[in-house]
Amino acid sequence: MARASLKRALMASALLSISACGTTSGGGSAPTPAPLLPLQLLLAPATNVAPQVSPDGRWISFLRPVNGAMNLFVAPADSIGAARAVTTRTGRGLQPFDVSGNVLYRWTPDSRRLLFPQDANGDEKWNLHVVDIASREERNLTPIAGKEVSFLAFDASDPNLAAIAVKDRSPYFPDLYRLNLTTGERTLLLRNDRMLAIIPDHTLRPRVGLTIAPDGTLDLYRLTSAGEWTMLWDIGPDDAPAINATAYLQAWGVDRENRHLFLFDTEGRDLTALMALDMETGKRRVLAESAESDIAGVLYHPSTHALQAFATMWTRTAWHAVDASIAPDLARLAAVDRGDLKVLSRSADLSRWVVQYMRSDAPIAYYLYDRPSGRATPLFVGTPALADLALSPLHPYEVTTPDGLRFVSYYLLPPSSDRDGDGIPNTPQPTVVLVHGGPSDERAQWAYGPFVHWLANRGYTVLYVNYRGSAGFGKTFMNAQNMEWGGKMHDDVVQQVEWAIARRIAAPGRVAIMGGSYGGYEVLVAMTMTPERFACGIDLVGPSNLERFMPHWNVDRMAAVVGDPRTPEGRAFLRSRSPINFAANTRHPVLIGQGSNDSRVPKYQSDTVVTAMQRAGVPVVYAVYGDEGHGLLRPANTFSFWAIGEQFLARCLGGRAAAMGNAFDGSSVAIEAGIDYIPGLAAALKERK
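Per this note's numbering, residue 1 is the first one in the sequence shown, and the count goes up by one each step.
Hints should not be assumed to be uniformly reliable.
[Said to hold, decoys possible] Cut-off 27 Å, straight-line C-alpha distance, at most; resulting in silico cross-link-like pairs (DSS-like, lysine-lysine):
1) 167 / 125
2) 283 / 475
3) 125 / 147
4) 125 / 603
5) 603 / 686
6) 167 / 147
7) 686 / 147
8) 475 / 603
9) 689 / 167
10) 342 / 167
[Said to hold, decoys possible] Now the in silico label distances, taken between C-beta atoms and shown as ranges:
11) 406 / 81: 29 to 35 Å
12) 331 / 97: 27 to 33 Å
13) 378 / 567: 40 to 46 Å
14) 377 / 509: 47 to 53 Å
15) 213 / 387: 16 to 22 Å
16) 32 / 268: 55 to 61 Å
17) 387 / 32: 17 to 23 Å
18) 143 / 90: 46 to 52 Å
19) 140 / 377: 48 to 54 Å
20) 349 / 553: 38 to 44 Å
21) 508 / 91: 41 to 47 Å
It is worth saying that the hints were derived from the structure and are not from the lab.
Here a beta-carbon is modelled for each residue, glycine too, at the ideal position from N, C-alpha and C.
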């Protein structure tokens with residue numbers, strides 16, 4: 001979740017230094033404005049996303065929209081053009097990624113089926129489905145209404161069996177089951193009334209459990225052969241975020257012998273190291289570490305489960321081989337494309353790899369790498385319609401805060417605004433600050449982002465900001481967020497705005513702020529607690545009341561990071577950091593979007609702050625989606641909200657906006673406040689089909 005903070009007057013001056021990426025020079029003539037590209041082009045769902053190679057190397061799977069709904073496709077690995085759909089979803093479709101960006105579906109070990117989760121209109125009550133790629137026969141393996149089911153592991157000796165976690169008796173403590181992938185039969189492995197998470201080994205035996213103590217300490221336990229939990233490792237509150245990073249980066253691993261658990265650790269160090277933890281004795285040894293940044297990704301052998309490589313990321317991603325046998329492969333792949341490499345999946349024998357290249361100024365490119373020949377063959381790009389557009393690159397810049405924290409953020413300029421190519425626009429530009437969600441499992445990074453290019457095409461500079469608590473910058477930086485929601489986290493954002501104004505990148509008085517989830521919270525903080533700082537704000541599914549928020553948070557972890565809702569002092573502190581209590585101070589327009597089925601930030605969080613802002617006499621536009629959850633997944637809903645958003649920004653900052661036209665066709669949007677603030681909105685909604 002995105003969080004924000006109160007304003008402290010900071011002077012940017014020499015506190016930030018900039019390192020710009022190269023740009024092309026436009027010469028000395030007056031710039032020609034870039035064509036106004038359709039919203040539906042710039043923000044369209046990727047045509048191809050999340051490719052995976054089957055364990056036997058014969059097939060490539062990926063997701064592609066059919067009539068606007070994401071569905072699974074499968075193609076022979078040597079004939080991607082022969083892909084066919086194996087699911088027939090409509091409406092909201094299948095969700096390709098979880099909230100941390102991890103692919104949600106997977107191949108079964110026999111390479112005959114795909115296993116994927118499905119919820120109900122964004123409520124995150126997942127059931128597990130399986131589809132046979134030959135017959136396209138699909139089955140819901142866990143038809144448990146209103147309960148959360150998650151995949152844990154496949155049985156190494158039987159590809160038809162898997163371990164799953166089911167929160168059927170408690171919303172906090174999952175029970176473990178063995179699941180038959182053909183019949184759907186579930187066999188109880190462990191009835192659990194204590195552990196927040198449980199890790200099985202390759203035989204599906206539950207091995208390690210995790211709890212959080214009231215002081216934020218994270219405890220790992222091992223399950224003995226007698227069925228008792230005994231302490232394995234006591235992890236202090238300052239080092240607990242490393243375990244969270246292990247989870248959201250999917251870095252958990254168990255070795256072939258089922259003896260060691262692989263996970264991140266920061267005990268005695270600031271940057272994460274990957275450790276091997278003996279699940280019997282608790283002894284640990286370092287497998288990988290870096291002096292540059294936290295570990296940003298790991299690569300385990302798909303059959304032996306041994307660590308082969310790890311990634312780091314300061315401004316860009318770099319891979320480091322641990323297993324010398326794949327060092328030539330990583331070097332060869334690094335030379336294929338100018339983008340940052342990521343290995344998405346590999347066949348069981350390592351003969352075939354699916355990789356992606358992330359650029360900041362072009363859609364993601366996917367390749368199939370044939371290891372025996374050393375050849376990388378293009379599969380497709382994520383959004384072919386955007387492949388030939390002239391898009392602006394991201395520029396990284398380094399930030400040093402008044403209390404000595406160092407990190408990286410990025411900015412992007414409108415096309416043709418920087419004629420001499422020095423990374424500074426010829427004149428200061430209206431600017432949108434884009435705040436990522438999370439915050440602790442996300443960061444702004446050098447990547448292709450449809451939203452930044454949409455904003456740039458409309459004539460805005462985009463500050464894509466990190467702040468204390470963003471992932472990847474070390475333990476001290478991560479823990480500096482503690483008790484700073486609505487405090488120094490917001491100061492970090494404001495400091496970067498002041499730097500951009502001082503560098504003549506951003507135009508004074510013409511800066512907006514936009515974000516979702518935690519980023520939406522930061523928007524509300526900015527607009528209510530520093531009401532004169534930003535000209536307007538756009539909040540999507542951001543919480544306004546920290547006293548009542550956090551249905552997905554463990555209360556002990558919340559108490560350590562945000563504030564303790566169980567004590568009078570803690571509740572008073574949370575009130576002091578809740579935008580709802582400062583809404584009367586709002587001075588400038590706000591656009592708020594909300595999904596009715598949001599289980600992370602319930603709708604009342606937006607309802608109440610909208611009402612409070614209306615009482616303050618401030619223009620607030622409130623768009624509600626009855627068929628969405630924590631974010632907008634249906635393309636028609638995405639188009640409708642940002643069609644409103646660009647009209648909102650044009651009125652606020654003076655940028656460009658396309659006519660709304662048919663942007664509302666197929667959308668469920670209901671405008672619960674402020675319809676008259678957006679010229680033509682009421683009329684466009686009446687014409688909706």
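key: Hints the structure fails to honour   = Of the numbered hints given earlier, those the structure breaks are 7, 8, 9, 10, 11, 13, 15, 18 and 19, listed in rising order.
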